[in-house]
Amino acid sequence: MTVPPDRHYAVELRVSAERVSQVRRIVAAHLRHWSLELQVRPVCRALDELLTNVHRHVGDENTCVVELRWTGRHVTVSVADNSPRMPRLLAAGGGLSRVMALSDSWGTCRTTDGKVVWFTRYAQAPQSAGLLPYPPLPGVRESRRAPLTALAQTLV
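According to my numbering, the residues represented by the sequence shown are 1 to 156, in order.
Derived from the structure by calculation, the hints contain no laboratory data.
Among the hints, erroneous ones may be present.
To be verified - The following label-pair restraints were derived from C-beta to C-beta distances:
1. Tyr134 with Arg110: 57 to 67 Å
2. His33 with Gly107: 24 to 34 Å
3. Thr108 with Ser21: 41 to 51 Å
4. Pro133 with Arg56: 48 to 58 Å
5. Asp113 with His8: 42 to 52 Å
Glycine included, every Cβ here is placed at the ideal spot set by N, Cα and C.
Given these sequences and hints, build the entire structure.
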């Protein structure tokens with residue numbers, strides 16, 4: 001499936017504490033632009049976990065690529081880094097457990113350069129209520145003018 005260019009965002013970065021908050025704000029802005037305000041908090045929290053894991057386990061000196069895609073039905077966020085070390089789901093919670101709780105699906109896969117960790121959330125665009133102004137009722141203009149003409153006739 002091809003994603004329209006206005007529904008895709010990718011950035012390559014070196015992960016640091018400052019960059020995590022910057023990327024979170026950028027992703028939130030894209031979600032709002034796509035009218036997905038309800039997705040901002042869960043997507044950004046899960047993305048925080050993925051980027052924090054890269055920061056902790058891969059290190060500041062390595063780069064990663066963050067991708068955000070919206071197909072019109074699902075938002076997918078992926079973080080690719082150059083570490084061959086695969087993440088683990090810990091029983092204690094946090095990390096990938098939090099990503100799992102905030103998403104509809106998630107996963108990891110090895111790449112030739114390292115790995116990708118991704119998650120998706122169902123996110124259909126809100127439907128407009130179709131609120132259009134009603135046309136004026138027939139005779140409204142005449143009824144508004146009638147008292148003025150009646151008043152004028154009584155003054156004569």
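Right, here's what the structure says about each hint:
1. Tyr134 with Arg110: 57 to 67 Å: holds (59 Å)
2. His33 with Gly107: 24 to 34 Å: Given about 27 Å between the Cβ atoms, the range holds.
3. Thr108 with Ser21: 41 to 51 Å: Check failed, 24 Å falls outside 41 to 51 Å.
4. Pro133 with Arg56: 48 to 58 Å: Distance hint for Pro133, Arg56 holds at roughly 55 Å.
5. Asp113 with His8: 42 to 52 Å: The hint (42 to 52 Å, Cβ to Cβ) is violated, given that Asp113 and His8 are roughly 20 Å apart.
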